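With the hints as extra help, turn the sequences into a complete structure.
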Amino acid sequence: RKEVEQDPGPFNVPEGATVAFNCTYSNSASQSFFWYRQDCRKEPKLLMSVYSSGNEDGRFTAQLNRASQYISLLIRDSKLSDSATYLCVVRPQTGGFKTIFGAGTRLFVKA
Amino acid sequence: EPEVTQTPSHQVTQMGQEVILRCVPISNHLYFYWYRQILGQKVEFLVSFYNNEISEKSEIFDDQFSVERPDGSNFTLKIRSTKLEDSAMYFCASSGSRGGTGELFFGEGSRLTVL
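If you read the sequences in order, they're chains A and B.
Read left to right, the first sequence gives residues -12 to 98 (my numbering).
Read left to right, the second sequence gives residues 361 to 475 (my numbering).
A couple of the hints might just be wrong.
[Unchecked claim] Away from chain A, derived, C-beta distances all over 10 angstroms, residues of chain B:
no., residue
1, GLN371
2, VAL403
3, SER418
4, GLN424
[Said to hold, decoys possible] Calculated lysine to aspartate or glutamate pairs in the DMTMM-like style (CA-CA distance at most 25 angstroms, straight line):
no., chain 1, residue 1, chain 2, residue 2
5, A, LYS66, A, GLU43
6, A, LYS85, B, GLU428
7, A, LYS(-11), B, GLU363
8, A, LYS32, B, GLU416
9, A, LYS85, B, GLU363
10, A, LYS32, B, GLU404
11, B, LYS438, B, ASP422
12, A, LYS85, B, GLU404
13, A, LYS29, B, GLU361
14, B, LYS438, A, GLU43
15, B, LYS443, B, GLU419
16, A, LYS85, B, GLU445
17, A, LYS29, B, GLU445
18, A, LYS66, B, GLU428
19, A, LYS85, B, ASP423
[What the hints assert, rightly or not] Pulled a few chain A residues facing chain B out of the computed Cβ check, cut under 7 angstroms:
no., residue
20, GLU30
21, PRO31
22, LEU33
23, PHE84
24, LYS85
25, PHE88
26, ALA90
Honestly, the hints are just simulated from the structure, not real lab data.
Note that this is a predicted model, so its numbers are computed, not measured.
Even for Gly, the Cβ is constructed at its ideal location relative to N, Cα and C.
Quick look at the structure:
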């Protein structure tokens, strides 16, 4: 099983749609969870951290289910500018330094 | 807004040559990282650096690679005897806090092309 596994993409959605991305992780002792966004040939940028109680930032909602080792990201009212690759990122407990990236899910939002 | 800066943005080298990629992390950060992303593939952890020493490294980070923080501001990645498969984007990142929710701030990357 891969350390961090994401939905295969790409997702093609119209503007205004709601889209959900899923992610699973293999290390049950993992401590910290993030969603990053990566535009083509650019550096990853933090979209949001994921907290146990779930958290929301505008149109974006992140959920964590530790029992199922599952993380989700929901994007409401998709904008053209949301087109990017969304990376699920997990920090294991061991040393606290290594951060593992999923392969990413590509999102295309069309007018 | 403080940022991580990397140089060069693109380097082309011949197989077997040595390259040094440079990074200036955010000034008050304590933890520094190098990641690699081969075109079309995922971001891969190479190494983390704290308190002037390597704190963790991946299986990719073998004897061909080394890191250094020579002067308290720069953080360098040296790749000796480059191979074709070293062609990738190399990202430097820094963070202020060790674990928990410490966000990684990435530089814009250095694209390495090995011919």
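Hints, verified against the model:
no., hint, result
1, GLN371, "holds, 16 angstroms"
2, VAL403, "violated, 4 angstroms"
3, SER418, "violated, 7 angstroms"
4, GLN424, "holds, 19 angstroms"
5, A:LYS66 to A:GLU43, "holds, 17 angstroms"
6, A:LYS85 to B:GLU428, "holds, 18 angstroms"
7, A:LYS(-11) to B:GLU363, "violated, 32 angstroms"
8, A:LYS32 to B:GLU416, "holds, 22 angstroms"
9, A:LYS85 to B:GLU363, "holds, 21 angstroms"
10, A:LYS32 to B:GLU404, "holds, 15 angstroms"
11, B:LYS438 to B:ASP422, "holds, 11 angstroms"
12, A:LYS85 to B:GLU404, "holds, 10 angstroms"
13, A:LYS29 to B:GLU361, "holds, 18 angstroms"
14, B:LYS438 to A:GLU43, "violated, 41 angstroms"
15, B:LYS443 to B:GLU419, "holds, 16 angstroms"
16, A:LYS85 to B:GLU445, "holds, 23 angstroms"
17, A:LYS29 to B:GLU445, "holds, 20 angstroms"
18, A:LYS66 to B:GLU428, "violated, 42 angstroms"
19, A:LYS85 to B:ASP423, "holds, 19 angstroms"
20, GLU30, "holds, 4 angstroms"
21, PRO31, "holds, 5 angstroms"
22, LEU33, "holds, 5 angstroms"
23, PHE84, "holds, 4 angstroms"
24, LYS85, "holds, 5 angstroms"
25, PHE88, "holds, 4 angstroms"
26, ALA90, "holds, 4 angstroms"
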